[in-house]
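Visitor: All chains should be modelled from the sequences, with the hints used to inform the complete structure.
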Amino acid sequence: MIPSKIYQVRFYFLPDIKDELLKKLHELGVFELKQPEIKEFPTNILDKEHAIFSKLEYDLQAVEDGGKLLSLDELALKLPEIQKKAQHLQELYLKRKQLRAKQQELLEKIEDGNLILTYVPYKELPERFKLHAFLVPKKKFKPEMLKRFTEAEYYDLGKNVLVIGITPADQEVSFPEGEKLYVPKSEKELHQYQQELKKISEELKKLEEEISRYQKDPLLKDAKASVSVYLERENAKALFARGKHFYLLEAYIPEKFLKPALNAIQKHFGDKVYIEYEEAKKQPPTYLEIPKMVESFHRLNLQFGVPSYVDIDPSFFYYIFVPIMFGFIVGDALYGLIILALAYWAEKHEKLRDYAKLWKLGAIASIIFGIAFNEFMGFPIQAFLEPLGIHIEYHPILHRAHDVGTYMLVGLVLGYVHLLLAYLLGLYKYWVLKADLKHTLAKLGWLLLLIDIGLVALNADLSIGGISIQVLLALIGLIFIVYGEGLMGIIELPSIVSNLLSYLRLPIVGIVSVILAELINGLLGGLPSIIVGLIFVLILHFAHALLILLEGSIQAGRLNLVEFRSKFYTGGGRLFKPFMLKKEVIKDGRRSNG
Numbered sequence: 008m009i010p011s012k013i014y015q016v017r018f019y020f021l022p023d024i025k026d027e028l029l030k031k032l033h034e035l036g037v038f039e040l041k042q043p044e045i046k047e048f049p050t051n052i053l054d055k056e057h058a059i060f061s062k063l064e065y066d067l068q069a070v071e072d073g074g075k076l077l078s079l080d081e082l083a084l085k086l087p088e089i090q091k092k093a094q095h096l097q098e099l100y101l102k103r104k105q106l107r108a109k110q111q112e113l114l115e116k117i118e119d120g121n122l123i124l125t126y127v128p129y130k131e132l133p134e135r136f137k138l139h140a141f142l143v144p145k146k147k148f149k150p151e152m153l154k155r156f157t158e159a160e161y162y163d164l165g166k167n168v169l170v171i172g173i174t175p176a177d178q179e180v181s182f183p184e185g186e187k188l189y190v191p192k193s194e195k196e197l198h199q200y201q202q203e204l205k206k207i208s209e210e211l212k213k214l215e216e217e218i219s220r221y222q223k224d225p226l227l228k229d230a231k232a233s234v235s236v237y238l239e240r241e242n243a244k245a246l247f248a249r250g251k252h253f254y255l256l257e258a259y260i261p262e263k264f265l266k267p268a269l270n271a272i273q274k275h276f277g278d279k280v281y282i283e284y285e286e287a288k289k290q291p292p293t294y295l296e297i298p299k300m301v302e303s304f305h306r307l308n309l310q311f312g313v314p315s316y317v318d319i320d321p322s323f324f325y326y327i328f329v330p331i332m333f334g335f336i337v338g339d340a341l342y343g344l345i346i347l348a349l350a351y352w353a354e355k356h357e358k359l360r361d362y363a364k365l366w367k368l369g370a371i372a373s374i375i376f377g378i379a380f381n382e383f384m385g386f387p388i389q390a391f392l393e394p395l396g397i398h399i400e401y402h403p404i405l406h407r408a409h410d411v412g413t414y415m416l417v418g419l420v421l422g423y424v425h426l427l428l429a430y431l432l433g434l435y436k437y438w439v440l441k442a443d444l445k446h447t448l449a450k451l452g453w454l455l456l457l458i459d460i461g462l463v464a465l466n467a468d469l470s471i472g473g474i475s476i477q478v479l480l481a482l483i484g485l486i487f488i489v490y491g492e493g494l495m496g497i498i499e500l501p502s503i504v505s506n507l508l509s510y511l512r513l514p515i516v517g518i519v520s521v522i523l524a525e526l527i528n529g530l531l532g533g534l535p536s537i538i539v540g541l542i543f544v545l546i547l548h549f550a551h552a553l554l555i556l557l558e559g560s561i562q563a564g565r566l567n568l569v570e571f572r573s574k575f576y577t578g579g580g581r582l583f584k585p586f587m588l589k590k591e592v593i594k595d596g597r598r599s600n601g
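Using my numbering, you'd call the opening residue of the sequence shown number 8 and step up by one each time.
Because the hints were derived from the structure by calculation, they are not lab data. Keep in mind that a hint or two might mislead.
Said to hold, decoys possible - Pairs of lysine-lysine residues, derived as DSBU-like cross-links and limited to a Cα-Cα distance of at most 35 Å, are as follows: (1) Lys104 / Lys192; (2) Lys274 / Lys75; (3) Lys116 / Lys206; (4) Lys104 / Lys223; (5) Lys228 / Lys31; (6) Lys55 / Lys104; (7) Lys116 / Lys195; (8) Lys25 / Lys584; (9) Lys92 / Lys206; (10) Lys266 / Lys288; (11) Lys251 / Lys266; (12) Lys104 / Lys91; (13) Lys279 / Lys12; (14) Lys195 / Lys213.
Said to hold, decoys possible - What follows is a list of derived Cβ distance ranges for each label pair: (15) Leu541 / Leu419: 37 to 47 Å; (16) Lys355 / Glu286: 40 to 50 Å; (17) Gln310 / Trp352: 15 to 25 Å; (18) Lys147 / Lys91: 51 to 61 Å; (19) Lys147 / Gln90: 48 to 58 Å; (20) Val236 / Ile24: 11 to 21 Å; (21) Glu131 / Pro87: 54 to 64 Å; (22) Trp352 / Pro298: 19 to 29 Å; (23) Lys85 / Tyr19: 34 to 44 Å; (24) Asp80 / Tyr19: 20 to 30 Å; (25) His95 / Leu440: 55 to 65 Å; (26) Lys75 / Glu285: 31 to 41 Å; (27) Gln310 / Leu465: 31 to 41 Å.
Computed from a prediction, not measured in an experiment: that's the story for all the values here. Every residue, glycine too, gets a C-beta built ideally from N, C-alpha and C.
Guide: Written out as structure tokens, the structure reads:
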């Protein structure tokens, strides 16, 4: 929820251990290497291996993954063989590209030739004439265009017009309105192209098999894995700063890894490396420990920006409030079951997986609210039980279509609690995380105004020494806001009311949903066939469930992103990107437990 403290580390070391140090840092996988802040020393120290590894990485990019890491000595020993195979693989790719281009050219010629011979069959063209063919969009075609030829015909092909004409052999025809088609000299020529196309297809098949063998070659797979690692280390050398007798490397590291990592380095190198560290000050990366249960909400939040180093990540609060607001809108147990089924379906599709978690929790909340409101596709539960001979007395907490005032009041109370928490988080951020007195007082001012609104709504008659508490809170709040935010704070004063009223969208959309469900149910009595009517009504209910799923997601998401998050969240950060061997261990700026 709160980004981990980040430390800035400086490593001073002798040039002869630079490769060993990078290897150790790579294996530890908890440092993010950075540009040095000491400008006096030159950087960009790259060895000759960098060019070799860069070329190999490009040549081996299509080789299958899964190779093992070779040592530098092993890689150097096998390098001539690797380079020879990689070069041959590139030659195979080039040959395949050329054959595919030739294949495409022949296909187009054969297609054009067959089209022309369909309308103007001939064995062989006379040498004194030249046949021309053009495909013209129907909108651009005009019959007078045929006058450009000695003799011509046109054929309607639907969206296009096929124009075929003849001229003397030495005469060309300009036809910018259409696409020129290939005209075969004879049927024999077309047949030759078909035979050539067949040979190319067979050659491509053999070529693909040979390429596949190279892409699965164990040595090339090992080379790809190794080159990727060593090239990353070579690239890291560009971050070295060089003094007269030593090199300097700077890095970021989260607090929880600091001491174990530095101890491991000191143990390995002893006095060959001198280390300094301090808490990072200048916009360090963001590192978050995200509980597994809120991972989906964290990834959704990242779509709207990365938390800054001194932000509070709102993912946990989304996990709590988004499903509650979603369920408060849907408020129907059977719709909740439909949405739950859709969530399980969405979970199987990678692009929808994070939304599926939201919909699952929202569906559960919808079922709970549906039971509380006694809503089951717009019917009370008794409508389903009484035909089965089961009679129960069940009174809902409220009926949304009838107890409109109460339902809207509950929505406002939910919004009030939501905003109260948002201002408290803002107060904590500026007071504790940023130690910014000016903005702390501004957030406190907004919090006091919100508390004041609550007291006024409760009609609380409180006073100190004859002075109304409400008036006192309002005055103190205004003073703090003006001090912290100046003129902009005064301009924004009405927003505290408008933000609170925004939460009325929750009950309003919910009421519309109830009315729509009841209207659908009303169709049952007006249809001639009960079976047809039931099917029709069920289809409409399913469509309504889809609609309310979409609307619930939008409204609950908007209130959390706009009204809630804006009170304490700045964004504009960047995720911690460690220098590590296995990138899958770090996900979304946090270290996985796996």
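Visitor: Each hint needs a verdict: does it hold in this structure or not?
Guide: Going down the list of hints, with the structure as the test:
1. Distance check on the hinted pair: lysine 104 and lysine 192 sit about 28 Å apart at the alpha-carbon level, within 35 Å; holds.
2. Pair hint lysine 274 plus lysine 75 holds up; C-alpha atoms about 27 Å apart against a cutoff of 35 Å.
3. The suggested pairing of lysine 116 with lysine 206 holds, with an alpha-carbon distance near 16 Å, which does not exceed 35 Å.
4. Between the alpha carbons of lysine 104 and lysine 223 the distance comes to roughly 20 Å, so the proposed pair stays at or under 35 Å and holds.
5. For the suggested pair lysine 228 and lysine 31, the alpha carbons sit about 23 Å apart, so the restraint of at most 35 Å is met.
6. For the hint linking lysine 55 to lysine 104, the alpha-carbon distance of about 32 Å falls within 35 Å, and the restraint holds.
7. As the CA atoms of lysine 116 and lysine 195 are separated by approximately 13 Å, the hinted pair is consistent with the 35 Å bound.
8. Restraint check for lysine 25 and lysine 584: the C-alpha separation of about 21 Å stays at or below 35 Å, so the hint holds.
9. This hinted pair checks out: lysine 92 and lysine 206 have alpha carbons roughly 26 Å apart, not beyond 35 Å.
10. With a C-alpha separation of about 19 Å, the suggested pair lysine 266 and lysine 288 falls inside the 35 Å cut-off, and the hint holds.
11. For the hint pairing lysine 251 with lysine 266, the CA-to-CA distance comes to about 29 Å; that is within 35 Å, so the pair holds.
12. Between lysine 104 and lysine 91 the alpha-carbon distance is near 20 Å, which keeps this suggested pair within the 35 Å criterion.
13. Restraint check for lysine 279 and lysine 12: satisfied, since their Cα atoms lie roughly 28 Å apart, inside the 35 Å limit.
14. This hinted pair checks out: lysine 195 and lysine 213 have alpha carbons roughly 28 Å apart, not beyond 35 Å.
15. In this structure, leucine 541 and leucine 419 meet the distance hint of 37 to 47 Å, their C-beta atoms being roughly 39 Å apart.
16. Take lysine 355 and glutamate 286: their Cβ atoms lie about 45 Å apart, and the range 40 to 50 Å holds.
17. Evaluation of the 15 to 25 Å hint for glutamine 310 and tryptophan 352 yields a pass: the beta carbon distance comes to about 22 Å.
18. At roughly 55 Å, the beta carbons of lysine 147 and lysine 91 sit within the given window of 51 to 61 Å.
19. Between lysine 147 and glutamine 90, the C-beta spacing of about 55 Å keeps the proposed range 48 to 58 Å intact.
20. For the hinted restraint 11 to 21 Å between valine 236 and isoleucine 24, the CB-CB distance of approximately 18 Å keeps it satisfied.
21. At roughly 56 Å, the beta-carbon separation of glutamate 131 and proline 87 lies within the given 54 to 64 Å, and the hint holds.
22. Between tryptophan 352 and proline 298 the beta carbons are some 26 Å apart, a value that agrees with the proposed interval 19 to 29 Å.
23. A hinted range of 34 to 44 Å holds for the C-beta pair lysine 85 and tyrosine 19, which are about 35 Å apart.
24. Checked against the hint of 20 to 30 Å, the C-beta distance between aspartate 80 and tyrosine 19 comes to roughly 28 Å, which is consistent with it.
25. A hinted range of 55 to 65 Å holds for the C-beta pair histidine 95 and leucine 440, which are about 58 Å apart.
26. In this structure, lysine 75 and glutamate 285 meet the distance hint of 31 to 41 Å, their C-beta atoms being roughly 39 Å apart.
27. A C-beta distance of roughly 39 Å is found between glutamine 310 and leucine 465, which places it inside the suggested range of 31 to 41 Å.
The structure meets every hint from the earlier list without exception.
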